[in-house]
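Trainee: Listed below are the residues making up each chain.
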Amino acid sequence: MAKILLEMKNITKTFPGVKALDNVNLQVEEGEIHALVGENGAGKSTLMNVLSGIYPYGTYEGDIIYNGETCKFNTIKDSESKGIVIIHQELALVPEMSIGENMYLGNERGRKSKIDWHTTYVEADKYLRMVGLNESSKVLVKEIGTGKQQLVEIAKALAKNAKLLILDEPTSSLNEEDSRALLDLMLGFKKQGMTMIIITHKLNEVSYVADKITVVRDGSTIETIDNANHDIDEDRIIKGMVGREITNRFPKRTDVKIGDINMEVSGWTVHHPLYPERKVVDDVSLYVRKGEVVGIYGLMGAGRTELAMSIFGQSYGTLTAGTLKLNGQEVKLKKSPTDAIKHKIAYVTEDRKGNGLILSQSIKVNTSLANLDSISKNLVIDKDREYQVAEEYREKLKTKTPSVEQLVGNLSGGNQQKVLLAKWMFAEPEVLILDEPTRGIDVGAKYEIYCIINDLAKEGKSVIMISSELPEVLAMSDRIYIMNASKIVGEMKAEEATQESIMAAILKSGRGD
Amino acid sequence: MSSGGALSYVKKNMMIIILVAVVILFTVGTQGKILLPQNINNLISQNGYVFVLGTGMLLCILTGGNIDLAVGSVVCFTGGIGAVMMQAGLPVYLAVIVMLLVGLAIGAFQGFWIAWISVPPFIATLAGMYAFRGLSNVVLNGFAVGINNTTFLNVFGGGADCYVPDFFKGGSLNMTCLLAGIIGTAVFVILSLRGMIVRKQKGISSGNSAVELLKVVIIAALIMWLTYKLSQYKGIPSVLVWVALVLLIYGYITTNTAIGRYFYAVGGNEKATRLSGVNTKLVYFVAYANMGFLAGLAGILTVARASSAQPTYGQGYEMDAIASCFIGGASAYGGVGNITGVIIGAALMGIINQGMSIMGFSANYQRAVKGLVLLAAVLIDILSKKEKA
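These protein sequence lines map, in sequence, to chains A and B. Numbered according to our numbering, the first sequence spans residues -10 to 502. Numbered according to our numbering, the second sequence spans residues 1481 to 1869.
Some clues are possibly wrong.
A short, non-exhaustive set of chain A residues, derived as facing chain B with CB atoms under 7 Å [to be verified]: (1) I65; (2) Y197; (3) I250; (4) P326; (5) T327; (6) L346; (7) I347; (8) S365; (9) I370.
On the chain B side, residues computed to face chain A include the following (Cβ under 8 Å) [as the list claims (entries may be wrong)]: (10) R1674; (11) V1678; (12) T1737; (13) Y1744; (14) A1745; (15) G1757; (16) N1759; (17) A1812.
Simulated from the structure, these hints should not be mistaken for lab results. This structure is a prediction, so every number in the text was calculated from the model and none was measured. For every residue, glycine included, the Cβ atom is placed at its ideal position computed from N, Cα and C.
Using the sequences plus the hints, can you model the full thing?
Mentor: This is the structure in structure tokens:
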């Protein structure tokens, strides 16, 4: 029986309005690779942030016992000094600095007053060899690809004398080959006695590298599955992740009336805004009928958001081919969201804080922003009308707030999402593209968002729902497109689709290239 | 809830409370001299440009904490052009129009780089600050140019006779001024009450109506008091007419119009605003073009007050404008701030200046105190927000 290196006991972490972690328990043995799996917003990253001291001791309840002693980390430095090093999903490298400079950033060799560059580069090179990266540490980070940058991150972690390495979705931005190399590297480290925790959505990776799998759902640890033989069935993991009775989670849509094709896109091809040679959306064709909810399922980075935003007045990338038909008529939208809104298309962003809402303004101001003209005369806003509109949507969407004068920044995620939906419903679109409409909000609010989506379809609107949550796509859609690596790789009727058939479509396409 | 409500009122109106405290402090310190009609008159005349420039600066700051460093130089440049034109015997109205248009053109020039070429505002306007200071020297040939056109001086607040004429010739009190005060107060009260009643009828509850009434009463009393004081001296200084006009117009624009709303939206979240179908580049452009226009107006007021144009005029005006916005609660990240704040910020700085000079402190101390007040104002803002989170 190996020794328990890390034990997190009864961890509870609350944010204003949300209980992100509820009595979480996690045990990691020395020398194992432990996988944390769960849906978006389940609390995996929060748990790791608690462990690494990003959320300092005192802001959560419960104990962290590491190497036999109870730890009270106040900063990342504290946890790193014990050998707990976290590698975040977003690469944290400075592109304009060399690999060596990046590796020792904040941890410089030599004296404070004089950095010892010789040691820096010699040591950096040593760690680069350990991760199998054949680059000089003097090369600038911006000159190497993402796969290699991920390796630099790992080398940087090793340079901090990591004993427990936490990798948060390390392969999310890597291609198949780089991912495999990274996983093999992890297995190599394991042989040398390193302990690792990996957070990932890719279940095939989990079964390949992990010795134990802990499932997190809605802020609680559900179970820890043994995978010593690396032969676990993915369905077994999904069962843990999804878990609860599916019947209660999604409202049934009554009296479905699906009409004519409202919007049709064909041969849609979009190139990356900075790297024009990269196709982000590749020859995509799809359509949506009136009163229909169409799901687009795909993992992060499949090109879903890029597809949606480029349809929405080319808000992303460069469109090089493709036609857009609205109500059977071909239209060429100008390169501006204004034109898309005029043609009754709405894009409800996945990033409500970054691209959707003005947090420093009231619910009222946010609700009217995309359609101020309709409540203005000669450029002067009818503020009484504006108030009434905001009030109307507050009632309709059951937004919980004392008043529509409340600042959006003070609302919970679910209520913010409702304000975002209100804003776009008020823009009176015929086609609504909802990008991850339930990301990061709790189950109750999700249910209410689903009801709104059903109501929209009932009114005869066309809804495209982009989501990486399989159960949601399966339950809410009439028809499902599956997107992977910039392409549509499958189309199914909802009643014919299953989790297996969708995953199979993705895997098949993955083997293709 | 009620105690929390009272606390939030205090927090919201912190700068007003501080303004009142400062006034009381100086009233005691100067044995009431600061409230003499002549001093109130001087306060307005000396600081007119701050209100005008602060208003323009507010729009720039709203778009994301962006500032315009060039305004001091633009004030000098436009003022110089006007002075030279009038010296050459060209008609006053032409000089005034040219000054405003030159200001607007400079603003548009800077706005173009900022909005469409994405030159950082700090750099674009720093360039303008150097360039137009230099060009002011060129226009004025390095010398002071006097202005003796009495129409210009009277209308824009220079010389001995720059007041709204008293049509009633009423003894010790200026009746025109009093009447204007009464009419102004009446219009304000009627409009406010009508708005409140209409909102009641439509079932729109916008806060505590008792508090709202109190606000109306206080503002009405303030207008009456101010005009009464001024009527004891020479009446309404013509600068006040321009300042009031600017404040009223821009107060309306920022609160009631779509473009006004867009300044806030862009500063609050530019991406979200663009994805809502707003031409965000145009919003930046308008902010800076407008700043140039108001700098032109401030140039007119500045040279009128001095009855001359000199190559050194307007130095540091940009900082006064910026400071009045931040003291008045504008956010350094954009999206938050209003005209009332600018009025409070500009008034506070003006009162500190004047109070200290009456008490005999040198201009150097005044500047030091101004700096500390700015820091304190921003600190209060940050701390009160932190408590909320």
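Trainee: With reference to the structure, classify each hint as holding or not holding.
Mentor: Consistency of the hints with the structure:
1. I65: It is violated, given that the least Cβ distance between I65/A and chain B is near 21 Å, above 7 Å.
2. Y197: 38 Å, violated
3. I250: This interface hint is violated because 25 Å lies over the 7 Å limit.
4. P326: Since the shortest Cβ distance to chain B is 5 Å, the answer is holds.
5. T327: 4 Å, holds
6. L346: With Cβ-Cβ at 6 Å, under 7 Å, it holds.
7. I347: OK, holds: I347/A within 7 Å of chain B, min 4 Å.
8. S365: 5 Å, holds
9. I370: I370/A check passes; min Cβ-Cβ to chain B is 6 Å, inside 7 Å.
10. R1674: 12 Å, violated
11. V1678: 7 Å, holds
12. T1737: With Cβ-Cβ at 5 Å, under 8 Å, it holds.
13. Y1744: Since chain A brings a Cβ to about 6 Å from Y1744/B, closer than 8 Å, the hint holds.
14. A1745: 6 Å, holds
15. G1757: 4 Å, holds
16. N1759: N1759/B check passes; min Cβ-Cβ to chain A is 7 Å, inside 8 Å.
17. A1812: Result: violated, 12 Å to nearest chain A Cβ.
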